[in-house]
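Engineer: Protein sequences appear in the order of chains G and E. With numbering that gives the first Met the number 0, you'll find the first sequence wraps up at 387, consecutive numbering, no jumps. With numbering that gives the first Met the number 0, you'll find the second sequence wraps up at 387, consecutive numbering, no jumps.
The set of hints was computed from the structure by calculation and includes no laboratory data. Keep in mind it's a predicted model, so treat the numbers as computed, not measured. It is possible that part of the hints are untrue.
As the list claims (entries may be wrong) - Straight-line C-alpha distance at most 16 Å; calculated EDC-like pairs for lysine to aspartate or glutamate:
1. K223/E to E312/G
2. K327/G to E347/G
3. K127/G to D115/G
4. K10/E to E6/G
There are 2 protein chains.
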Amino acid sequence: MQNFVFENPTKIIFGKGQIKKIGKEVSRFGKKALLVYGMSSIKKNGIYDQVTSSLKEAGIAFVDFPGVKSNPVLSHAVAGIELARKENIDVVLAVGGGSVIDEAKTIAAGVKANHDVWEFFTFSKFIKDALPVLTVVTVSASASEMNNGAVITKEDCCHKYSIMSPLIQPKVSILDPTVLFSLSAAYSAYSAVDVITHMLEAYFNNTEPVNSIIQDRLVEGLTKTIMENTDIIMKEPDNYNARANVMWGAILGFNGIATAGMGRVQLPAHMIEHSLSALYDIAHGAGLSIVLPAWMTYTAEAKTVKMARFAREVFGVDDRDNSKAAQKGIANLKAWFASIGSPVSLKEANIPEENIDAIAQNAEATAKLWFYESYTKEIIAGILRNAC
Amino acid sequence: MQNFVFENPTKIIFGKGQIKKIGKEVSRFGKKALLVYGMSSIKKNGIYDQVTSSLKEAGIAFVDFPGVKSNPVLSHAVAGIELARKENIDVVLAVGGGSVIDEAKTIAAGVKANHDVWEFFTFSKFIKDALPVLTVVTVSASASEMNNGAVITKEDCCHKYSIMSPLIQPKVSILDPTVLFSLSAAYSAYSAVDVITHMLEAYFNNTEPVNSIIQDRLVEGLTKTIMENTDIIMKEPDNYNARANVMWGAILGFNGIATAGMGRVQLPAHMIEHSLSALYDIAHGAGLSIVLPAWMTYTAEAKTVKMARFAREVFGVDDRDNSKAAQKGIANLKAWFASIGSPVSLKEANIPEENIDAIAQNAEATAKLWFYESYTKEIIAGILRNAC
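Chain G extracted, bound-state conformation (with noise of 0.2 Å):
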């Protein structure tokens, strides 16, 4: 195991009914809030009026900042910015899911800067101090609502690119289960590739012989969980065991627990997704359920004895020679992603392969901003060309 530093302080209100305690907790923070969410859902589903009550109930004036994208973008954090320091906001809730809080996140440190925003992304200026974060999570995938990352699109650029830091990390998310009832089949799918992708990056990145068998542990069992309960959502949406060890999963994966000791983490196929969506606006999900198996494709011989682990324990593949169980691995992993209805090409996604080598140079510029020095333009085109 490597050596690890784990501090994890936001505080998690997990449950039917929890949405109501959303204005008491913004209380301990402020007393004016900026509402940041995506586009009408909310108020359809009847979640903006849960908390617009209940900031109302413990006395928190808030201002109105809906239209975050689902790949969201500069332009929309930098409003959202403005508008929190005309407004004079001391506190940012973020209503959504990982787009909704990454972009609300943004926005916190942005308020605190004398600056670009964006400085942050590309690591020329660090964040020394930011207004609160708190959330109430409406799609559970990023696990956003219990880290320190965000990730922000500049769309004049093409840039997908990310900061972290402990002062953006929300104060306090409220996760309530039945919220996702109405949450579509298409990005309940998304959402299960995107968690099962964080873990499964760190997962593999561990060097063999495995020696964190605690954290590979945790992984194999969060996956499993995960893909079950994401088959009973597909044919019972509103089944709420489903939905909750969904939510609580997407969190434990991507937390820091299950990685916690596995050393440096790398996210190489995060980050070739990141090219795809900053580039196609495809869901993030969906862009990952095409990379991943061709990144474990790519990888599969350096991790032969990692990936039949994979296979026998979570597909419980039997083939004992471990070449033959790893391919077994990508193969199952590929055919679940389909079965959910999770594109697993580039074809799918209708991004056209002869731009793959266009792909390849966007991604290689967060390779270096990200110290990926292994992942030249020509290695993540050999990877893209895998999900040909």
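Given chain G's structure and the hints, the job is docking chain E onto it.
Structural biologist: For chain E alone, kept in the frame of chain G given last:
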């Protein structure tokens, strides 16, 4: 899954060579520390020198308070409270295992109370303030380094009671697995028993049918990890990865992660064991390996499906009959406890069977205090007779 609130802000610094960071961490919370520890072992194995060098380097004054017993007693905690007041201590640093940390927590709360600290343990007063507590862990079992509980024995009445409060939860805990290399085989075994019992009591609490699969898999994976790595430790006490897996597993088993969503968790085996160690001063883990299988036998009929699942998942039992599988699971667990040298009967711990009624009477007082209404002294005596 049941509703829950999860909030665990302790900062964990994990790995070899990390103890030298304690001075800097303490300096975030105070300038003068009460250094709470047990007997001479931390002076022999060099940990005392590592800790005090780091404190001096960070400019932290400190006052030694040694002599914590392995079942920590109220009179000693009261002496610590008096010393802390006299010396104007502003931070409590525990260097030890669960007993030392629990007594440090008691001192931290007691310093701020204008009444007998025992009133916290009988729930006639509630903790409203406490000095900050930090820890350097030398025995991994209780997870007290990352939770809000503490247990103390009042010698004159032989009651071993507990407190819980976020105010006494450690701010920072440093865990260096190499520190465990010198832990005896007996205490390594008792530690493993304690860790496993924390998890299994919660796991078997769950009402059937199984509906918290995410927690079940966490517990099963962690239990297997603790068992496998303890087997390694019995042969190779200085195996770093094995010690690291147990050290981190002990925390994950009882810091709230494994139980979040399980509903109200009862710890009946711990409750009964507290009477054994209060009356006979045996090691807590040694008492648990006697009580847990006896309690499982008592409850096997009511929890057959879950016990059968446990037997299959953890021990690979392949009996398709649930009752038989459940019994095999209990037998396997008992055999494993015996294999690592932890007692599985009252006799092995030199506890006279004719004292069962007196033990049960002592435990019934705890049962009443903890609102475990179903545990009358007759029921408790019946459980203890399963350990004859």
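Engineer: Each hint needs a verdict: does it hold in this structure or not?
Structural biologist: Status of each hint after checking the structure:
1. K223/E to E312/G: 14 Å, holds
2. K327/G to E347/G: Outside the cut-off at roughly 22 Å; violated.
3. K127/G to D115/G: Holds: K127/G and D115/G sit about 14 Å apart, inside 16 Å.
4. K10/E to E6/G: 4 Å, holds
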